[in-house]
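Kindly produce the complete structure, drawing on both the sequences and the hints.
Here the working numbering = 1-based position in the sequence shown + 1.
Worth flagging that the hints you see were computed from the coordinates, not collected in a lab. From a predicted model like this one, the values you see are computed outputs, not experimental measurements. Just so it is clear, CB atoms sit at the ideal spot from N, CA and C, and this is done for glycine as well.
Distance ranges between label pairs, derived from CB positions: (1) HIS328 / GLY114: 33 to 41 Å; (2) ASP154 / LEU117: 19 to 27 Å; (3) PRO313 / ASP365: 41 to 49 Å; (4) ARG291 / PRO161: 21 to 29 Å; (5) SER48 / ASP177: 42 to 50 Å.
The calculated DMTMM-like cross-link candidates involving lysine to aspartate or glutamate, where the alpha carbons are at most 20 Å apart (straight line), are: (6) LYS233 / ASP188; (7) LYS233 / GLU243; (8) LYS233 / GLU192.
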Amino acid sequence: MNSEETIRTFIDFYRDRGHLVSDDSGLVRPPEDPVLFTTAGMHPLTSYLLGEPHPRGRRLVSVQRCLRTTDLDEVGDPSHLTVFEMLGSWSLGDYDGPQSLRWGFELLRDGYGVDLSRLYVTVFGGDGTVPPDLSSWETWTDLGLPIETTVEDNWWDNGPVGPCGPDSEIFYWTGDGPPSGTPTTDDRWVEIWNHVMMRYQRREDGTLVPLGQPNVDTGMGLERLLPVLQGKPSVFDCDILEPWTGSVSTLWPLDTRGVRVVSDHLRSSVVMIGDGVRPSNTRQGYVLRRLIRRLLTVLWRVDPSWTLSDLPDLPVEHTLRHFRQLHTVGDVRTVWRDEEDRFRDLLDRGRPLVRRQLRGGPLDDTDYHYLHDTHGLPRDLVDLITAGP
Numbered sequence: 002m003n004s005e006e007t008i009r010t011f012i013d014f015y016r017d018r019g020h021l022v023s024d025d026s027g028l029v030r031p032p033e034d035p036v037l038f039t040t041a042g043m044h045p046l047t048s049y050l051l052g053e054p055h056p057r058g059r060r061l062v063s064v065q066r067c068l069r070t071t072d073l074d075e076v077g078d079p080s081h082l083t084v085f086e087m088l089g090s091w092s093l094g095d096y097d098g099p100q101s102l103r104w105g106f107e108l109l110r111d112g113y114g115v116d117l118s119r120l121y122v123t124v125f126g127g128d129g130t131v132p133p134d135l136s137s138w139e140t141w142t143d144l145g146l147p148i149e150t151t152v153e154d155n156w157w158d159n160g161p162v163g164p165c166g167p168d169s170e171i172f173y174w175t176g177d178g179p180p181s182g183t184p185t186t187d188d189r190w191v192e193i194w195n196h197v198m199m200r201y202q203r204r205e206d207g208t209l210v211p212l213g214q215p216n217v218d219t220g221m222g223l224e225r226l227l228p229v230l231q232g233k234p235s236v237f238d239c240d241i242l243e244p245w246t247g248s249v250s251t252l253w254p255l256d257t258r259g260v261r262v263v264s265d266h267l268r269s270s271v272v273m274i275g276d277g278v279r280p281s282n283t284r285q286g287y288v289l290r291r292l293i294r295r296l297l298t299v300l301w302r303v304d305p306s307w308t309l310s311d312l313p314d315l316p317v318e319h320t321l322r323h324f325r326q327l328h329t330v331g332d333v334r335t336v337w338r339d340e341e342d343r344f345r346d347l348l349d350r351g352r353p354l355v356r357r358q359l360r361g362g363p364l365d366d367t368d369y370h371y372l373h374d375t376h377g378l379p380r381d382l383v384d385l386i387t388a389g390p
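Structure representation (structure tokens):
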């Protein structure tokens with residue numbers, strides 16, 4: 002099942018159960034939003050989760066593009082990405098958590114044909130303030146899946162204040178051989194779906210009060226699901242990333258992690274550019290600039306002559322088409338070229354400054370701070386200069 006079929010199966014399943022599609026709101030949040038990017042499928046629905054009536058009713062389904070910078074250092078492993086898509090379903094004060102879990106089980110079993118013997122679930126075990134989530138425990142017991150209880154790992158919130166509640170997470174065994182251990186004892190159990198029973202609101206003083214409208218909020222990362230459905234060892238081997246990894250590995254001889262980081266950052270930059278972001282030193286533009294310069298750093302540590310202009314059009318076209326963005330390959334290439342030129346100029350300006358600083362011996366934190374604060378040279382760039390010829 003390819004990525005488009007996976008999305009269609011998800012949407013159709015929930016449509017058949019009375020859900021209406023909530024449109025993808027894009028990556029960029031409005032200026033009044035303190036968060037720069039959409040980080041979760043529920044982000045655009047926050048006001049409706051707090052009780053405002055949604056114009057499309059109380060049952061929603063969506064595919065929402067998201068961007069998270071908190072996992073940048075994890076990109077390069079088999080499952081983390083900077084830009085990803087969240088398959089989401091919501092009950093806005095309508096059906097309860099057990100119904101959501103039963104539908105989730107049904108979709109995985111019948112819609113996607115997932116091997117149920119490779120599933121494990123976790124449930125909130127209570128923390129002295131909020132009782133154990135017995136309804137989720139009983140539901141999973143009826144459905145015959147193994148259960149592990151946790152506290153912090155099965156409590157969901159989107160910050161220090163706002164809607165929150167216990168969640169139940171579905172994990173898939175990605176290891177060789179029969180499953181072993183539990184999700185908290187073996188990292189070969191990979192989370193694929195989270196069902197949040199959004200029952201509370203946390204106030205500024207930390208206290209919890211019941212939400213006037215209890216909700217169910219589910220999120221399943223498309224890219225986490227695809228390796229399961231396509232029998233691939235990582236998201237980078239699936240149809241949604243393969244055009245990038247294939248092009249990058251053919252063009253530039255990098256190790257596996259390097260191919261993954263460069264592929265992820267290039268793809269993420271295309272989606273950001275397609276959503277109207279341009280490199281700058283502030284807000285969303287700074288994140289885009291950082292991604293482009295991070296991937297160039299990976300490339301130029303191997304060979305400073307490598308350039309993004311050598312990339313074929315195929316992966317760019319694939320990503321723009323998948324996200325239904327109207328920008329052209331030429332638009333993307335213009336941004337890449339301009340940012341690459343700026344970064345090369347910065348390297349040329351910084352090289353003598355770093356070499357002068359190296360006369361005093363290996364660089365320490367004081368040297369890095371001086372080069373950044375006085376000359377605007379970030380640590381990654383300084384390391385690139387020191388590693389170069």
